[in-house]
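**Student:** The chain contents come next:
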Amino acid sequence: MTRGAMPGDRAFSAGTANALELRGVTKTFGALSALVDVTITIGPGEKRAVLGSNGAGKTTLFNCITGDFLPSAGAIRFFGEDITSAPAHERIRRGLRRTYQISLLFAGLSVIDNVYLACKGVARGRFSLLRPSRREAVMESAEELVRTVRLEDSRDVKVSDLSYGQQRQLEIAMALSGAPRFILFDEPAAGLSPGERQDLVGILKGLPSHMGYIIIEHDMDVALQVSESVTMMHNGRIFKEGKPAEIEDDEEVQELYLGGGNA
Amino acid sequence: MRVNPAYWVAGAVLLILPAFASDFVLYQLFGWTFILGMIALSLMFLAGYGGMVSLAQMTVAGVAGYMVAIFGESAITDISQGWPWYVSIPLALLIAALFATATGWLADRTEGIYTIMITLAIAAAFFYFFNQNYVIFNGFSGFNGVLPPELFGVNWRDPIAFYYLTLFWAAAWYFGAIYVSRSPFGLALQGIRDNPRRMAALGYHVTAHKVAAYAVAAFPAAVGGILLTWQSAQISPGTAGIGPAIDILIVAVIGGIGHPVGAFIGAFIYVILKTFAIDLIVFVGLGSERFRLLIGLGFLAVVFWSPDGVLGLWEKLKRSRGLNPLLRKAGRRP
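So the sequences go chain by chain: G and R.
By my numbering, the letter at position 242 of the first sequence is numbered 388, and the numbering carries on one by one without gaps.
By my numbering, the letter at position 327 of the second sequence is numbered 381, and the numbering carries on one by one without gaps.
A hint or two may mislead.
Claimed, not checked - SDA-like, lysine to any residue: derived pairs with alpha carbons at most 20 angstroms apart:
1) R/Lys370 - G/Val303
2) G/Lys304 - R/Ile232
3) G/Lys304 - R/Lys370
4) R/Lys370 - G/Asp307
5) G/Lys304 - R/Ser235
6) G/Lys304 - R/Asp248
7) R/Lys370 - G/Asp396
8) G/Lys304 - R/Ser237
9) R/Lys372 - G/Val303
10) G/Lys304 - R/Glu369
11) G/Lys304 - R/His313
12) G/Lys304 - R/Ser342
13) G/Lys304 - R/Phe239
14) G/Lys304 - R/Asp362
15) G/Lys304 - R/Gln135
16) R/Lys372 - G/Ser306
17) G/Lys386 - G/Asp396
18) R/Lys372 - G/Asp396
Just so you know, the hints here were simulated from the structure itself, not pulled from any lab data.
Predicted model, so just to flag it, every value in this text is computed and none were measured.
With the hints as constraints, model all of the structure from the sequences given.
**Tutor:** Next up, the structure:
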């Protein structure tokens, strides 16, 4: 797809091209190799979990995909388009979103205002001095997202008064704003209570089937419930790929992952 | 929509105040409170919503006051153009807004303490410029005889008329600020205050938004500057000097920058202190020139006990008792 393509082309390319392709992506920081020759192909609408111990290179992988870092070698294609060296905001405009491990929310504003701002960022009228009406399309999509992440009861609560789990839910709503095509979830279950983890699983399972994602997650239970395929990483390399059930039963994986992160 | 009963009470009291209050109270205490409040509101808008502490808002007010004197009528007929009010006032507002926009554009390259420094530098530079330029600004003596137009046959410097004039504009900017705070522009400004990098990642042009905030905030300050000029019928460099620039910061901080009402609460406290501090200082046996001591101590006390100003104290009281202290009944929990 070229830059001048019509919006209608999106659905077409989404149906044919892979959502995300990484070919031999390598990232070195001085002598440290954070990613080594990583090749991953994620089909349209595919939900992938990336597992691995601390330092396995999972977050570096996200940073390369979103453009926070440029890879030292290799290529990244997003819906067939080469984005290896595209700036971060270009990737956002093409429909890529991510959540962060540390919440980057607007602490002084309410839930609905946070989501509204996220939706308004790619819409017109950002400088308007007139209050939005409830029927404004952007406001309606913001309300819809607040319901999607089950925060409708906290709609008018200031972010600084939300529980940690609610902040994580809001983080997801922000990532879902502006019609994303692919989302990177960075440890969304970290710090959540067992009940909140089940809510999170419900939210992720409720996403439309065409909306693919990668989820980095330490909680195997959550990761395997919400993914169709799993990539195991170790020391910056792809260690194993497979279906959730295969990974769960794999002895090597169990030793590496469940036998303590330092294996 | 539920309206806080405090609004009705405050509104009713302010509307019928001229029935009891003396000319001094109306013209000096309340007129001045509303004017200072408007200028402080301009700072509150930038600092409270946008996280930008500008010390140049008094200079914006001063520019508007000077422009009305220069384009309208004054006793300095060599300089004043004597154009009608419907030309001179819009022109004054426009020039003040352009000045504020340029200030914002300069200040945007900085953050935090450096914004304060660069806006203070702008305020100082313009004080000396007004002071030393005789061709346009008539130097040290400035302009006197700057009177409001006799619109609708009213003498707007009559205490009661002036009271209602300043009350009207204070209320207009107050409700305007509250309205705009919930608009896309106002929300984006608060988003930039909380997390500018995330805002940029969401697709907002952070610099453009911040500069536009200076332009929007110029209007309450400019109207305040014009009213201030009419109140004393004169404007001179001292009106917008470094002292008054810092006083506006003091007013905003005493009241609290979390909500527009703080600007007016702070202005009222400042005006009361400044008007009566001399009597109090003399009463306790100190020289009358020491009245600033009391203002300084009041400022220190507020900052020490409540960094969020009087508004912050109010919130603390509410939280600690779980009550609305005004109504003495259970308030809505956040």
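**Student:** Please go over all the hints and tell whether each is borne out by the structure.
**Tutor:** Okay, the hints, checked on the actual structure:
{"no.": "1", "hint": "R/Lys370 - G/Val303", "in the structure": "18 angstroms, holds"}
{"no.": "2", "hint": "G/Lys304 - R/Ile232", "in the structure": "17 angstroms, holds"}
{"no.": "3", "hint": "G/Lys304 - R/Lys370", "in the structure": "17 angstroms, holds"}
{"no.": "4", "hint": "R/Lys370 - G/Asp307", "in the structure": "15 angstroms, holds"}
{"no.": "5", "hint": "G/Lys304 - R/Ser235", "in the structure": "15 angstroms, holds"}
{"no.": "6", "hint": "G/Lys304 - R/Asp248", "in the structure": "12 angstroms, holds"}
{"no.": "7", "hint": "R/Lys370 - G/Asp396", "in the structure": "57 angstroms, violated"}
{"no.": "8", "hint": "G/Lys304 - R/Ser237", "in the structure": "17 angstroms, holds"}
{"no.": "9", "hint": "R/Lys372 - G/Val303", "in the structure": "18 angstroms, holds"}
{"no.": "10", "hint": "G/Lys304 - R/Glu369", "in the structure": "15 angstroms, holds"}
{"no.": "11", "hint": "G/Lys304 - R/His313", "in the structure": "15 angstroms, holds"}
{"no.": "12", "hint": "G/Lys304 - R/Ser342", "in the structure": "47 angstroms, violated"}
{"no.": "13", "hint": "G/Lys304 - R/Phe239", "in the structure": "19 angstroms, holds"}
{"no.": "14", "hint": "G/Lys304 - R/Asp362", "in the structure": "18 angstroms, holds"}
{"no.": "15", "hint": "G/Lys304 - R/Gln135", "in the structure": "52 angstroms, violated"}
{"no.": "16", "hint": "R/Lys372 - G/Ser306", "in the structure": "18 angstroms, holds"}
{"no.": "17", "hint": "G/Lys386 - G/Asp396", "in the structure": "10 angstroms, holds"}
{"no.": "18", "hint": "R/Lys372 - G/Asp396", "in the structure": "58 angstroms, violated"}
Violated hints, listed in ascending order, are 7, 12, 15 and 18; each of the other numbered hints is respected by the structure.
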